[in-house]
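Each of the two chains sits in its own frame; use the hints to bring them together as a complex.
One line per chain: the protein sequences are A and H, in this order.
For what it's worth, my numbering labels the leading residue of the first sequence as 1, then goes sequentially.
For what it's worth, my numbering labels the leading residue of the second sequence as 1, then goes sequentially.
Some hints here could point you the wrong way.
A short, non-exhaustive set of chain A residues, derived as facing chain H with CB atoms under 8 Å [said to hold, decoys possible]:
hint : residue
1    : Pro76
2    : Val80
3    : His86
4    : Met88
5    : Phe94
6    : Ala95
7    : Leu97
8    : Arg104
9    : Ser105
10   : Asp184
11   : Leu185
12   : Asn186
13   : Ala187
14   : Glu188
15   : Ile190
Quick list of the computed label-pair ranges, beta carbon to beta carbon [stated by the list, open to error]:
hint : chain 1 : residue 1 : chain 2 : residue 2 : range
16   : H       : Pro286    : A       : Val128    : 30 to 40 Å
17   : H       : Ile112    : A       : Val14     : 29 to 39 Å
18   : A       : Arg111    : H       : Leu111    : 16 to 26 Å
19   : H       : Ala73     : A       : Arg111    : 17 to 27 Å
20   : A       : Tyr139    : H       : Leu111    : 52 to 62 Å
21   : H       : Val58     : A       : Ala78     : 55 to 65 Å
22   : H       : Val258    : A       : Tyr139    : 50 to 60 Å
23   : A       : Ala78     : H       : Phe4      : 31 to 41 Å
24   : A       : Ala78     : H       : Gly77     : 21 to 31 Å
25   : A       : Lys61     : H       : Leu65     : 45 to 55 Å
26   : H       : Leu65     : A       : Arg81     : 25 to 35 Å
27   : A       : Gln197    : H       : Ser162    : 49 to 59 Å
28   : A       : Glu3      : H       : Val58     : 53 to 63 Å
Honestly, the hints are just simulated from the structure, not real lab data.
Glycine included, every Cβ here is placed at the ideal spot set by N, Cα and C.
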Amino acid sequence: MLEINNLEVVYNKVILVLRGISLTIEDGQIVAFLGSNGAGKTTLLRAITGLLDIHNGDVTKGTGSYDGKPLFGPDPDAIVRRGISHVMERRRIFADLTVEENLRSGAFTRRDAGIKDDLEAQYERFPVLGERRNRTAGYLSGGEQQMLAVARAMMARPKMLLMDEPTLGLAPRLVEEVAQVIKDLNAEGIGVLLVEQNASVALQIADHGYILETGKVVHDGPAEQLREDEDVKEFYLGVGGDGRRNYREVKHYRRRKRWLS
Amino acid sequence: MQTFLQLLFSGLALGSIYALVALGFVVIYRSSQVFNFAHGEFVMLGAFLMISLVRGGVWWIVALLITMVVTGAVGMGVERSVLRPMIGRPVFVTVIVTIFVGALMRVAINLIWGGTERGMPTPWDNTGVMEILGARVLFNSVAAIVATAVVLIGFYLLFQRSRIGVGMRATASDQEVALGLGIPVGRVFGFSWFLAGSLAALAGVFLGMFPRIVDGNIWLIALVAFPAVLIGGLESPLGAVIGGFALGVVQLLAQGYVNPLLGTFGNNFHQVFPYVVMIGFLMFKPYGLFGTHEVERV
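Only chain H is shown next, with the shape it has when bound in the complex (with noise of 0.2 Å):
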């Protein structure tokens, strides 16, 4: 039981990284009809900032906000200016724009900072425990499961209640006439970079405390966060939130259960097992759990 336990709330954790991350692939896709490759990158990017800012000397809390902020102003002039100019092209050709601006980035970003292993500063006790029902918890788990808890319903009012969650959902629903009722769907693609790049940020600096270093291979996440994207359903930000979550404990309750039973072959048997699960979906439910049922009549 304990074990159980102890493997949920770790599953939690990672799961509310793999919520973030395919939260901003859900709001850059339903908005714009953009698969962002390049997402994983923005993950990266955030990762290293944050270090930096810390490291530099800024309040922990604070230099949060910064990184959030300025990965998403980074992901708002991705949009603006390579993608805006794309409006109206086929799909692949967007795809393999943002593979390059992804590849770019990193470039960027292994310039800037180099590819040394660096570990992620934390405000707590990096290796502090808290018992929880007789598990013990990482703090760095509990921040990520909390931090990750206020954003989504901070997202969930913006998204359903605030004026530009109305006209965002407007926009995903029909461009041409959100454009008609004056609604500015050049700003709201703008927007909804700038979620999605504040949302991989804030992923990226709890994913650093995680494996507790970062590198540049950090940005492997964004693949690694896909299946929850699918289980969830590619157009349903609900779906990929409970996807991500899904994911993080399938995981590591694979890791814990279904390894050892498999002897050697099973040593990482668990990094394999998400894209297990997401097949399986793609078989026999390949809308994902909420993306289906278009909305008509009959």
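In isolation and in its complexed conformation, chain A is listed as follows (with noise of 0.2 Å):
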């Protein structure tokens, strides 16, 4: 279980990210956090994973736990070895590294004679990959490229994955590929974070919702009430309580709504 309570992140010292935030992720579920660009979704996940040290970022204050062990140290590879990994925005691989080499350097953590089971079966869940094993992984098709860079997650053998927006910038048949493949991940019993903003597919593959508003969050609930919920309707799923909605008829200060929760 991972537990957050109050957090509070600071970048250079004067810019407030996060205000507060407090959550629970339950072992096992997706929890799917929603939020427009500049919320402190990513900012999240940094504080997680000990990532926010490289960005000038600080935890000012609040508490963290994940199986009642404190987080927010500052060794990112205590974290990986203690069961979370990272699954960055925009794929991120290792472009000049070929398939199978960005694989390995998932399991950086592990020394134990199970990587190369791991890695076939890695290939067996991505023939694609498996295919491509000795590609340079840059010249992956992008929907390949997200599923090595899950795959490569998948390599340090974690209980949770935190998503930063897979989706971004996939058709939407890869969109629906990579919907699948976060369902089956759990259905294997690995908790899913997942960063989103494309609320819609989140909200269906998700079991809770958080949505987040410049640092804080202003409503969360389970993912089929959020998907009900006329606001969350509104403002994510881009369908009005009178179906679709003319924009340029909605007067600004409707459209940034504040939310009171």
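Here it is as structure tokens:
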């Protein structure tokens, strides 16, 4: 179980990005984080995986724990060893390494003999990676690169995956494919923290959803409830109460609604 | 023909030293984007350390290993204490810092060993010669080429196959992602400096055999090997090695064939020739032979 209480993050000592976020993620759940640009979704993931430091960010307040042990330590590799892997935004595969080397780099924290079997397991899950295992990863297509990024994270044998906009820049059919992959992983017992701008896909596969706005959780609830919520529908799913809405007629303040919850 | 072969072998021997030095540059630059202007001082440290050890009665091959490990460790120490805090600073800051570190090391070495010239001891006859295809080649040259070849093959295997090698290349490719995957980037930097330091020490030992003296100016080799790095491409270890060997051969062939054509002006033309080649590359192929293409799908 991942628990975060009142987390506050500041960049460059002055820019307050997260202002007191609290959340709970049970093991084996898919939890979606929705929010517009700059809401602090990526920062939240960085705080969990210990990558704030290189962005000159600090956790200034709040506590967190994963499986009863505290979070927000300085070592990213300790977090990976504890079973949390991070799939970063825009895939970020090692473009000049081969597919197989990418996967092996994902298993860097492990020294056991099971790495070979896990490689084969990934190739089985993503046959297209198996076909191209000795190809330079930068020449894979966008969808294949996303699969590679997921497979690479899986090589560390995580119990929880943090995924930052896995559907970004993918064709609709590939978006569905990615969603299916996330569901499959979850069915194997892996918890997923899914950060998305594509709210409809995220809420379809998630168990629970949080809505972030300017560094605060403004709304949360079970995914099916959020899917039916009028405000979520209007602002994240793009359907108003009375069907389609002409945005030219919407007043500016209506579009930037303040959440009161 | 015989002259040609003779020049070729000497060129390869000299080139193997350039290759070791250039490889050290590239290893550090690739992993941590630091241009290490103190590299020549590591070469110098290796040479002086080796002489003291052998004179102190340590068995030659053991002394070589100790020299490489100690010099590597010094490199690691420099990285940890001076350059680690500089991560994220502009490149020129690290450049200036390494120049300063180099100056300090030079002073320290002069303090410890003094600036007098000394010979590099060898377990074989220092002036011994063997015949290869009719060319007379120094034992020293053969040893340099063989040792470099062995080290380069070892380096290749380490870099391409081993866990730490994949970690190093991953770090070079995308530092943040490497961190996120649990690769200890700081330790990868340290390891790169260790490798570069020990490569430099090996280069220093063989360099000491060529002019057959070791003195306070031996660090200048780093500047001489510099064109090799640019010819091969700053980011390519393979390029550095090929650039190094090419440079050595070109330099000696120039000494043999170009210098005489230039009369008195040509006395030391071969010393300048590598820079002429380098300028040619900078003008027409600025990324070098192998340092170019960013992998990108279009």
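For each hint, the structure was consulted:
no.	hint	result
1	Pro76	holds, 5 Å
2	Val80	holds, 3 Å
3	His86	holds, 5 Å
4	Met88	holds, 6 Å
5	Phe94	holds, 4 Å
6	Ala95	holds, 4 Å
7	Leu97	holds, 6 Å
8	Arg104	holds, 5 Å
9	Ser105	holds, 4 Å
10	Asp184	violated, 22 Å
11	Leu185	violated, 17 Å
12	Asn186	violated, 21 Å
13	Ala187	violated, 24 Å
14	Glu188	violated, 20 Å
15	Ile190	violated, 17 Å
16	Pro286/H x Val128/A: 30 to 40 Å	holds, 37 Å
17	Ile112/H x Val14/A: 29 to 39 Å	violated, 48 Å
18	Arg111/A x Leu111/H: 16 to 26 Å	violated, 43 Å
19	Ala73/H x Arg111/A: 17 to 27 Å	holds, 24 Å
20	Tyr139/A x Leu111/H: 52 to 62 Å	holds, 54 Å
21	Val58/H x Ala78/A: 55 to 65 Å	violated, 41 Å
22	Val258/H x Tyr139/A: 50 to 60 Å	violated, 43 Å
23	Ala78/A x Phe4/H: 31 to 41 Å	violated, 60 Å
24	Ala78/A x Gly77/H: 21 to 31 Å	holds, 25 Å
25	Lys61/A x Leu65/H: 45 to 55 Å	holds, 52 Å
26	Leu65/H x Arg81/A: 25 to 35 Å	holds, 34 Å
27	Gln197/A x Ser162/H: 49 to 59 Å	violated, 40 Å
28	Glu3/A x Val58/H: 53 to 63 Å	holds, 59 Å
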